[in-house]
Structure formats: structure tokens, C-alpha cells
Amino acid sequence: MKQFLLPAGMKDLILEEVQVKKQLQAKLETIFEEWGYENVITPSIEYYETYQRGFGQVEEERMYKFFDRSGKIVVLKTDMTIPIARLAATKFREMNKPLRFCYCDKVYKVNPVLSGMHNEMSDCGIELIGADAAYDLEVLALANETMNSLDIDTWVMELGNANVFNEACKTTKLTSEQKQTLANLINEKQLPELELYIASLPLNEREENFFLQLPWLSGDMAVLEEAMTYAYNDGLQNEIIKMQVLCNQLTQLGYDNFIVDLGKMNYLNYYTGIIFEAYIEGVGTRILSGGRYDTLLAKFGKDMPALGFSLKIDALLSSMQVSNTKIKKELCYPSNKAMEAIQFRKQYKDEIISMRIDNTLEEMLIQEVV
Amino acid sequence: MLSIALTKGRLEKQSVQLFEKCGYGVEQLQNKGRQLVLKDTIKDYEYFLVKGADCITYVSHGVADIGFVGKDTLLESKQGYYEVLDLKLGKCGFIVASLPDKNPFEKMGHVTIGTKYPSVAKQFFSEKGMDVEIIKIEGSVELSPLLGLCDAIVDIMETGSTLKENGLVVFDRICDISARVIVNKASFKLKRKEIESFLSDIKSVLD
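Chains L and W, in that order, give the protein sequences.
Note that the numbering used here gives residue 171 to position 171 of the first sequence, counting from 1, and the numbers run on in steps of one.
Note that the numbering used here gives residue 1088 to position 88 of the second sequence, counting from 1, and the numbers run on in steps of one.
Mixed in with the good hints, there may be bad ones.
[Unchecked claim] In silico DSS-like links for lysine-lysine, alpha-carbon gap of 30 Å or less:
1. L:Lys170 / L:Lys312
2. L:Lys312 / W:Lys1013
3. W:Lys1021 / L:Lys11
4. L:Lys242 / W:Lys1078
5. W:Lys1203 / L:Lys179
6. L:Lys326 / L:Lys349
7. W:Lys1091 / W:Lys1128
8. W:Lys1191 / W:Lys1122
9. L:Lys11 / W:Lys1078
10. W:Lys1013 / W:Lys1088
11. L:Lys109 / W:Lys1203
12. L:Lys109 / W:Lys1136
13. L:Lys312 / L:Lys97
14. W:Lys1078 / L:Lys312
15. W:Lys1078 / W:Lys1088
16. L:Lys109 / W:Lys1122
17. W:Lys1191 / W:Lys1164
18. L:Lys170 / L:Lys109
19. L:Lys91 / L:Lys106
20. L:Lys106 / W:Lys1078
21. W:Lys1013 / W:Lys1203
22. L:Lys65 / W:Lys1078
23. W:Lys1128 / L:Lys179
24. W:Lys1078 / L:Lys179
25. L:Lys312 / W:Lys1193
26. W:Lys1116 / L:Lys109
27. L:Lys173 / W:Lys1078
28. L:Lys27 / W:Lys1191
29. W:Lys1136 / L:Lys65
30. L:Lys65 / W:Lys1122
31. L:Lys179 / W:Lys1122
32. L:Lys173 / W:Lys1128
33. L:Lys109 / W:Lys1051
34. W:Lys1088 / L:Lys21
35. W:Lys1088 / L:Lys179
36. W:Lys1191 / L:Lys242
37. L:Lys22 / L:Lys326
38. L:Lys326 / L:Lys109
Calculated from the structure, these hints are not laboratory results.
Put together the whole structure using the sequences plus the hints.
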């Protein structure tokens, strides 16, 4: 017989898995709503053009693409930030106070085949649009609250700032292509290659030392003091001082579960300020990621600073359990008692009672399902 | 606890020698029998032996915190790990080779390249501004230009003797390769101290 199988990178969720996921989504949405964010739902498909505009350079081969009726290329959305930026810029043109949006939705990315990675992911997060750096602390607080709500002991939030690298580059003679290569090598901590590459660049000794150290400038707050000793221009020093202030504020608020990583770089030139990611033990990739993207909205015609974060919740599911499961009951009845049985079932609300025909019975009976 | 994935074969032996120099408890690694997961008898480490490409998969998924693997394998699968140390073991290089009268850089028209390393070959030629066709070959790559399947090959060269025996010459050297230490990104944040102390042990015994 012909078997009907799933396309590559797809996954079914059944029974308890579904409950775990729904409960987690509900929990996250509740927190976001409590902090004043409003849910938005955007379509699953967007124009390819929209992503190209948003990201500048897109990872074309990692998108599901097809054509609409007019022959324009459409894609399954690969993230929620671009659709929300488009939405904010087109549907809220006249709004002047910060816009708070939250979402839980599926996003799609084509991963290499047979890599064990899934192409459909649930993404839950927030975007705060029209909010400058003064809002960084608030969003970081919410990210911390969100991680705390997961009831997982071992997590860590990593903090970086795209401006550290940008300021460091300002006084150098690097071309934008060189900056991008340098940023990638530092971000991916490709240390042997980084050393070779730095040697080939027109940098003075202090600059060379700084970029060589950057991938290692990660750890607790002491790293910022260490970074200060390598900082060779005012802009760089200012950014480090701002990081120190932010870290102190977080510590005072009790959000001390963070490490600093100044080697955290700008993915696709997207982030323009703070960048943060959270990791948990047992999951090899980041669970939460976010940052500031002040130049994105302008690309869609409304020049506003913004920041946000999202959680890829699928990776969390295996480490979570269903909380307070309801008792499941079964109502069994012979088929000639169907009317009575359904009359009986109608009286019950808020209880899980499934129905089953059993013709060996004389009368209907209700029992717990184990 | 750190779990360390080692690439089987020659690199495995060299890695075990490094661990021994570091003073780690490598008895199980030296007499491994049929065990797949081997515990360090001194440190809180466990080792397992896998093929190079699998080493990257285990590290990318975070099942292994650290991997020892050749740069040739890393170049074929670039994402999802930090590459933190060059062990300078198993040094060799990627080269472009063919028959003496078949220089692929001088050929007009369509050029085909046979290789076990399609990503490396593709990237190299595209950086040269050449649009070549790549044919994936799983083994004895030297054979393919001899039999006329392709114009040239991209392969690993250690001493060059295999090439010479088959009458092939090197037209370009793509890059040097050697064994590297890779680290899972999440482990790097969560087990920072353990990983740093492991790396500094290894660094201290490299010549």
C-alpha cells in the first residue's frame, strides 16, 4: 500500500505534546498581555520583496517561495519582525506613542535535509515600536520575566551591543565588506581564521588587539572593565559605559542571570543597539533572541526606533510537562440508548467526557479513563 | 560534565595523546573494546568516537559540548558551532589538480570539477569568478580526470605522492587544513569555566 509521508523537515504533534505546547503558548501570551502588548495575527505569506527590503540581503535558499496569480514571488514568512514592521508602518501610520505587539505564530525556514532540524517553527514574542534606547531596560526585564516563567533552573541571558563593534570600526579605515567579514568571524568565533584575517587588514596595534580579544570578551560584568582597557576611542568607551549602567540596573532589579558577550555581532546588519539571547542547558541552540533594530521601520516608510524579542518554543517542549491535567471520563452506552446518553452528556460543561458505543451494556455508565 | 566528540581514526589517536599529556584519565580511550561512550577516569569528561561529519552534527545539536574535527569536514558544513582552536594536527591542504596539459584555469568553455568536497570547490571557483560544474565523487577522485569524467579535481593533498603516481599536477592551492576544536554555542555560554579550562589544558600541550 502507498504510504503518505511528511515533507522533509516537518513534524506532527500529538496528544500530550499538543497540550504542553498550548499551555506554554498561553503562558507566554498572558505575560506579554500583562505587560501591555496586544496580539496581532499576520498572514502566513508575504511578498519576497518585503523580506528583501527588510533584511537587505536575504538567505534566499532558506525560504519557501512560490508565485501568486500575478507572477510575483511570495514566501512563507521566516520571522515575525518583518511582517510586524510592515504592519506598523502601513496600518498605524498616524500613531505617535509606542506600539506594543505580541504574537505566537508559525514561521518557516528551509534547513539542510537530513540535518535533524525542523523547517516549521513556532515563534512567540513581542515588538515594541517607536521606543528608543531608554526602553531597553523595560524590554530586557520582560525577557527575564519570560525566561523565569518557564520554571527551568539553568538558563542564562547573554547581552551584547552592536554599537561596540560599529564604534570600534569608525576610527579605522575598513571597508564595509571587510567589516562584514570581520563581524562574521567574531560572531561565529572562528578564531584561527580570525587571526589570519586580522593580520591582513590595515589596522594599528591597538585596533588589532581589540578585535582579537573581542570573541573572548564574554563572561560576567568584569568583562566590561577588561574591555575598557582595550577601548581606543571615545565612542567605544561610551558604549561600554552604557552597557555597565544597564547591567547594574538589571542586577539591582534582581535579573542577575546574565553574562556579557561583546563579541556578539550584528546578524545581516539588522541590529543597531542591544542584542540579547537566552540559552538553557540541554538545548544546543538559543531559546530566546532579540535586540534593537532602529533602521528597519524606515525601510517601510516610517522612521521609528524599535526593539523586540522572540522565543523559538519548539525546542522547549521536550523539557516541559503538562500541568494540572483534568480527569478524563468516558460515557459508555448501548446504541439503543443514544438519545438518553446524549441528553445526559449535554448537562456537563468543563469536564472531559468522551462517548463510546458499547452494545454489551444494558444501561449507560460513566467511568474514569486511565 | 563535558562531553567530547572525537573523530575516529588518525585524529583520534593524536587527540588521545594530547589528553594524556594533559594528565587526563584516558585508560578507557586506550583500551576501548566495544564501548561507545568512554569516561575519563580523572576528569568529569566523557568521550565518544564518531565520523568527522557526525562530529559536527553532534556538536551543532548540543549533544556533544566539544568536537575534534578536521577543517576539511568543517568547510563542507559551516553552520552552528564556534571554532576556537587550531590543533595544527594532520596538516594538509586543498588543491586543484589535473593532467599536465589540462589546466582548468586556461580552458575555454564549460569546465567540470570532480570532488568529494562540493562546497569547497564551488566557493573557490566562484571567488575566482569561474562558473564551473561540480560532480560529486565519493572516493579515488584522482581517477576521474584520467578517465575523462571531468577536467580537474579538488581534493586533499598531504604528500602529493598519490597525485604523482597518477600523473596529475597541482594547478592551485586552495587553503591549508588541519584539525580544529569546535564548541557548541549554548555550551560555550553555560559551561564557560569548564570549557575554558579544557581549552587552556590543550593549548598548554600543543607545541
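For each hint, the structure was consulted:
1. L:Lys170 / L:Lys312: violated (34 Å)
2. L:Lys312 / W:Lys1013: At roughly 39 Å apart (the allowed maximum being 30 Å), Lys1013 of chain W and Lys312 of chain L break the hint.
3. W:Lys1021 / L:Lys11: Violated: Lys1021 of chain W and Lys11 of chain L sit about 46 Å apart, past 30 Å.
4. L:Lys242 / W:Lys1078: Since the Cα atoms of Lys242 of chain L and Lys1078 of chain W sit roughly 34 Å apart, the hinted pair is violated (cutoff 30 Å).
5. W:Lys1203 / L:Lys179: holds (29 Å)
6. L:Lys326 / L:Lys349: Status holds; Cα separation ~13 Å.
7. W:Lys1091 / W:Lys1128: holds (24 Å)
8. W:Lys1191 / W:Lys1122: violated (36 Å)
9. L:Lys11 / W:Lys1078: holds (25 Å)
10. W:Lys1013 / W:Lys1088: holds (14 Å)
11. L:Lys109 / W:Lys1203: Not OK: Lys109 of chain L and Lys1203 of chain W at ~38 Å, beyond 30 Å, violated.
12. L:Lys109 / W:Lys1136: holds (26 Å)
13. L:Lys312 / L:Lys97: holds (28 Å)
14. W:Lys1078 / L:Lys312: Holds: Lys1078 of chain W and Lys312 of chain L sit about 22 Å apart, inside 30 Å.
15. W:Lys1078 / W:Lys1088: holds (19 Å)
16. L:Lys109 / W:Lys1122: Satisfied, since the Cα-Cα distance of roughly 23 Å is no more than 30 Å.
17. W:Lys1191 / W:Lys1164: Violated: Lys1191 of chain W and Lys1164 of chain W sit about 48 Å apart, past 30 Å.
18. L:Lys170 / L:Lys109: Violated - the C-alpha atoms of Lys109 of chain L and Lys170 of chain L are around 34 Å apart, more than 30 Å.
19. L:Lys91 / L:Lys106: holds (22 Å)
20. L:Lys106 / W:Lys1078: Holds - the C-alpha atoms of Lys1078 of chain W and Lys106 of chain L are around 26 Å apart, at most 30 Å.
21. W:Lys1013 / W:Lys1203: holds (17 Å)
22. L:Lys65 / W:Lys1078: holds (24 Å)
23. W:Lys1128 / L:Lys179: holds (21 Å)
24. W:Lys1078 / L:Lys179: At roughly 20 Å apart (the allowed maximum being 30 Å), Lys179 of chain L and Lys1078 of chain W satisfy the hint.
25. L:Lys312 / W:Lys1193: holds (27 Å)
26. W:Lys1116 / L:Lys109: Holds: Lys1116 of chain W and Lys109 of chain L sit about 27 Å apart, inside 30 Å.
27. L:Lys173 / W:Lys1078: holds (29 Å)
28. L:Lys27 / W:Lys1191: holds (29 Å)
29. W:Lys1136 / L:Lys65: Holds, because 27 Å separates the two Cα atoms, which is no more than 30 Å.
30. L:Lys65 / W:Lys1122: holds (24 Å)
31. L:Lys179 / W:Lys1122: holds (24 Å)
32. L:Lys173 / W:Lys1128: holds (25 Å)
33. L:Lys109 / W:Lys1051: With a Cα-Cα distance of about 27 Å, the restraint between Lys109 of chain L and Lys1051 of chain W holds, given a limit of 30 Å.
34. W:Lys1088 / L:Lys21: violated (46 Å)
35. W:Lys1088 / L:Lys179: Distance ~27 Å between Lys1088 of chain W and Lys179 of chain L Cα, so the pair holds.
36. W:Lys1191 / L:Lys242: Given that 30 Å is the threshold and the Cα spacing comes to 27 Å, the pair holds.
37. L:Lys22 / L:Lys326: holds (15 Å)
38. L:Lys326 / L:Lys109: Violated. Lys326 of chain L to Lys109 of chain L sits at ~36 Å, over the 30 Å cutoff.
Violation of the numbered hints given earlier is confined to hints 1, 2, 3, 4, 8, 11, 17, 18, 34 and 38; the remaining hints are satisfied by the structure.
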